[in-house]
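**Student:** Chain order of the listed sequences is A and B. Here the working numbering is used: position 110 in the first sequence is 934, and no number is missing along the way. Here the working numbering is used: position 150 in the second sequence is 974, and no number is missing along the way.
Check the hints yourself; a few may be wrong.
The list treats identical chains as interchangeable, and a pair is accepted whether it falls inside one copy or across any two copies.
Capping the alpha-carbon separation at 30 Å, the derived lysine-lysine pairs in DSS-like fashion look like this [what the hints assert, rightly or not]:
1) K913 x K1003
2) K871 x K970
3) K897 x K1003
4) K935 x K992
5) K861 x K925
6) K868 x K925
7) K905 x K845
8) K861 x K905
9) K930 x K897
10) K930 x K826
11) K987 x K913
12) K930 x K868
13) K935 x K925
14) K913 x K871
15) K871 x K925
16) K869 x K913
17) K943 x K845
18) K970 x K845
19) K935 x K826
20) K905 x K930
21) K913 x K868
22) K905 x K826
23) K925 x K1003
Note that these hints are calculated values from the structure, not bench results. In this text, all values refer to a predicted model and were calculated from it rather than measured experimentally.
Number of protein chains: 2
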Amino acid sequence: MKLLQDRILAEGRVEEGGILKVDSFLNHQIDVDLYNKIGYEFYKKFKDRGITKILTIEASGIGIACITAQYFKVPVVFAKKTESKNLDKETYESEVYSFTKDRNYKIRVSKRYINNQDKILIIDDFLANGKAVMGLSDIINQADAKLIGVGIVIEKGFQDGGKLLRNKGLDVYSLAVIKSMDNGTVEFE
Amino acid sequence: MKLLQDRILAEGRVEEGGILKVDSFLNHQIDVDLYNKIGYEFYKKFKDRGITKILTIEASGIGIACITAQYFKVPVVFAKKTESKNLDKETYESEVYSFTKDRNYKIRVSKRYINNQDKILIIDDFLANGKAVMGLSDIINQADAKLIGVGIVIEKGFQDGGKLLRNKGLDVYSLAVIKSMDNGTVEFE
């Protein structure tokens, strides 16, 4: 997606530890017009696949998932990361390692909101080591639902998540795949 | 907002400890069509007030803020609750007590994304004790930006947050105000 690549080149900042900061438009401040164009790209790719639900993970995935869901006209469900009195006791759970937060955490989805009739599109902002998508995929399996595809805004192609997921047969569609960020310069595949 | 009230009556579940669960459409599973109608109500109320940015707090506020921002054609900024390598070192910070999680936490917004030219609309899903809005308002003050109004989906009118904020002169606009939830029955003001 050329528009997204241009935006990453113009505003992305490469920082120590393999961090690409795109928080001026993607995951802290949000350019909702860009989100709409991103959502439409996901829609074009997956519109004929009978998607019944979009699944994402809090927090940065929620906005993209909601905007994308407008095209599909389906509900969004977001996996929760934290214990909360608001969450049902009956949940599907999985464990995820976060690279940016350097720790493991549990993700949970209430059993009420995914079932064995669902055909699910996972949406997330970043794909690096693939742990978040693996956790969501695990939850989808527990619910006997079907994982149709994975829509990612930015994939770090130099990390192994994309390869790992595609080798498992998942249909991963990334709008920008970064080949390298050496010397602070972003290059796309 | 009649549609929202009807939905709360039909699907909301009152649980122990003053918890109203509306996670079938508002803050776990998301009905994006309803979000659109909610966003349009906020737009009708605040459209002539020169809003430049919508500010919310992760996680449940993000989706509503993004959908609402489509009407205003302004960016969303969401305050982050957790430490992250992805966040700038230069941030505005405030402290918030969460009733549903029963603990204090810090919220942070990068100094890059709010400035003294901004006229800000705060959006959130719930208003109970008002602590989240107070924290966001504190951050807006630190940035010398202007807080124009506060759009809330569900206000617990029997808690003191709404009164507290309105007494401070804030323009708080809640789409459904709950008067009581005694014996598990929701009544609106």
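**Student:** Evaluate each hint against the coordinates.
**Tutor:** Results of checking the hints against the structure:
| no. | hint | verdict |
| --- | --- | --- |
| 1 | K913 x K1003 | between (42 Å within a copy, 27 Å between copies) |
| 2 | K871 x K970 | within (16 Å within a copy, 42 Å between copies) |
| 3 | K897 x K1003 | neither (34 Å within a copy, 33 Å between copies) |
| 4 | K935 x K992 | within (25 Å within a copy, 42 Å between copies) |
| 5 | K861 x K925 | within (29 Å within a copy, 35 Å between copies) |
| 6 | K868 x K925 | neither (33 Å within a copy, 39 Å between copies) |
| 7 | K905 x K845 | both (22 Å within a copy, 18 Å between copies) |
| 8 | K861 x K905 | both (28 Å within a copy, 28 Å between copies) |
| 9 | K930 x K897 | within (29 Å within a copy, 35 Å between copies) |
| 10 | K930 x K826 | neither (35 Å within a copy, 37 Å between copies) |
| 11 | K987 x K913 | neither (35 Å within a copy, 33 Å between copies) |
| 12 | K930 x K868 | neither (32 Å within a copy, 39 Å between copies) |
| 13 | K935 x K925 | both (27 Å within a copy, 21 Å between copies) |
| 14 | K913 x K871 | neither (34 Å within a copy, 41 Å between copies) |
| 15 | K871 x K925 | neither (34 Å within a copy, 38 Å between copies) |
| 16 | K869 x K913 | neither (35 Å within a copy, 38 Å between copies) |
| 17 | K943 x K845 | between (32 Å within a copy, 25 Å between copies) |
| 18 | K970 x K845 | between (33 Å within a copy, 27 Å between copies) |
| 19 | K935 x K826 | between (39 Å within a copy, 29 Å between copies) |
| 20 | K905 x K930 | both (6 Å within a copy, 17 Å between copies) |
| 21 | K913 x K868 | neither (37 Å within a copy, 38 Å between copies) |
| 22 | K905 x K826 | neither (32 Å within a copy, 32 Å between copies) |
| 23 | K925 x K1003 | within (23 Å within a copy, 40 Å between copies) |
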